[in-house]
Amino acid sequence: MSNRDIQNTLAVFKREFLAYFNSPVFYVIVIIFLLATNGFTFGLAGLLDYDDVSLSGRFFAYHPWIYTVLAPAVGMRLWSEEHRLGTIELLMTMPVSQWQAIVGKFLAASVVWLIALSLTFPIVWTVSYLGNPDSGPIISGYVASYFYAMACLAVTSAISAFTRSQVICLVISVFVCFVIGLIGHPFVTHTLVNTLPAKMEWMVGFISYFSFMDHFYELTKGIFVMRDVLYFISVIIVSLLVTDLGLRSKRA
314 MSNRDIQNTL AVFKREFLAY FNSPVFYVIV IIFLLATNGF TFGLAGLLDY DDVSLSGRFF
374 AYHPWIYTVL APAVGMRLWS EEHRLGTIEL LMTMPVSQWQ AIVGKFLAAS VVWLIALSLT
434 FPIVWTVSYL GNPDSGPIIS GYVASYFYAM ACLAVTSAIS AFTRSQVICL VISVFVCFVI
494 GLIGHPFVTH TLVNTLPAKM EWMVGFISYF SFMDHFYELT KGIFVMRDVL YFISVIIVSL
554 LVTDLGLRSK RA
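Under the numbering used here, the first residue of the sequence shown is numbered 314, with each subsequent residue one higher.
Simulated from the structure, these hints should not be mistaken for lab results. Treat the hints with care, as some may be off.
Subject to a maximum C-alpha distance of 20 Å in a straight line, what follows is the list of computed SDA-like cross-link-like pairs (lysine to any residue) [said to hold, decoys possible]: (1) Lys534 - Lys327; (2) Lys327 - Val338; (3) Lys327 - Gly444; (4) Lys534 - Gly444; (5) Lys327 - Gly417; (6) Lys534 - Gly417; (7) Lys534 - Val440; (8) Lys534 - Phe500; (9) Lys534 - His498; (10) Lys534 - Gln411; (11) Lys534 - Arg561.
Distance windows between CB atoms, simulated [as the list claims (entries may be wrong)]: (12) Ile319 - Asp447: 20 to 28 Å; (13) Ile481 - Gly356: 31 to 39 Å; (14) Trp515 - Met539: 38 to 46 Å; (15) Ile345 - Gly449: 25 to 33 Å.
This one's a predicted model, so the numbers in the text were calculated from it and none came from an experiment. Every residue, glycine too, gets a C-beta built ideally from N, C-alpha and C.
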C-alpha cells in the first residue's frame, strides 16, 4: 500500500470518525452500552455477591448479546446514510478508491467501538481492588470482545451497502448477527447434540464453527488460539468484500 493509499484511507477515516461525534446517536449508544455492561455485571450476574472475581462469566459472557444490537446500531449508517442522502456519488468522485472508502469507514466505526469498550475499564479496576483476578482471561476477554464487535460491524457494513434505509439495515443486521451467534451458543449446541442421532452429531460441530460465540468463548479462556483469531479476521475480510460487491451492484 502506497503513501497515497494510506492518506486517502485516513482522510475517509477522519471524515467518518468525526461524523460519529457530531451525532447524538453515538452518545446514546455508548451510554446504553455502559449501562448494560454494568447492569449485567453487577446486577444480573451479581459480581459483588461472590468471592470469585473472574470476569469471564459475569462480564464478557454478556457482550455478544449486547453487540448483537448495539454494534449494528453503530454500523448501520456506514453506507445506508450515504445512499439515502445521495452523498455516495460525491464520495466516489473524490480521489479515493472504493476499497479505501470501505476500509476508512470500517476503521472509523471500529475505533468508535474501541473507545466505548475502553470505558468499561472501571469494572476491571473494581475487581482488581476487590481481589486478585488472573490478568490472562481479562486481556483475552477484551480481545475476544473487540473481535466480536468488529465482526458485527463488518456484517452490518455489508448489509448497509445494499439498502438505503438505516432502520432496515439495523433490523436485518441484528437478525443476522443473532443467528450467527446463537448457532454456537452452548445451550443450542448441547440441545442439538442430545436431539440429533449420533451419526449426525458432526453437523453440530461443523455448524457451530461458523458461529461468533464458539470462537468468542474459546478466546475468553485466557489462551490465544490462532484458529479463533483467524476466524474473526476472515469474517471481517469476507464481509468487507461483500460490501464492495454491494456498492458495485448499486453503481451498475
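So, going through the hints one by one against the coordinates:
1. Between Lys534 and Lys327, the direct Cα distance comes to roughly 35 Å. Violation of the 20 Å bound is thereby established for this hinted pair.
2. Restraint check for Lys327 and Val338: satisfied, since their Cα atoms lie roughly 18 Å apart, inside the 20 Å limit.
3. For the given pair, Lys327 sits about 41 Å from Gly444 by alpha-carbon distance, which is inconsistent with the 20 Å threshold.
4. At roughly 19 Å between alpha-carbon atoms, Lys534 and Gly444 fall within 20 Å of each other, so this suggested pair holds.
5. At roughly 8 Å between alpha-carbon atoms, Lys327 and Gly417 fall within 20 Å of each other, so this suggested pair holds.
6. Restraint check for Lys534 and Gly417: not satisfied, since their Cα atoms lie roughly 32 Å apart, outside the 20 Å limit.
7. Only pairs whose Cα atoms come within 20 Å are accepted, and Lys534 paired with Val440 is accepted, the gap being roughly 17 Å.
8. Note on Lys534 and Phe500: the hinted pairing holds, with a Cα-Cα distance of about 18 Å set against a maximum of 20 Å.
9. Taking the CA atoms of Lys534 and His498, the gap is about 15 Å. The hint holds against a cut of 20 Å.
10. Restraint check for Lys534 and Gln411: not satisfied, since their Cα atoms lie roughly 38 Å apart, outside the 20 Å limit.
11. For the suggested pair Lys534 and Arg561, the alpha carbons sit about 41 Å apart, so the restraint of at most 20 Å is broken.
12. Our hint of 20 to 28 Å for Ile319 and Asp447 is violated, since their Cβ atoms are close to 38 Å apart.
13. Range check, Ile481 to Gly356: about 33 Å between beta-carbon atoms, so the 31 to 39 Å window is met.
14. Between Trp515 and Met539, the C-beta spacing of about 23 Å breaks the proposed range 38 to 46 Å.
15. Ile345 and Gly449 have their C-beta atoms about 29 Å apart, which keeps the hinted 25 to 33 Å range intact.
Going through the hint list in order, the structure does not satisfy hints 1, 3, 6, 10, 11, 12, 14.
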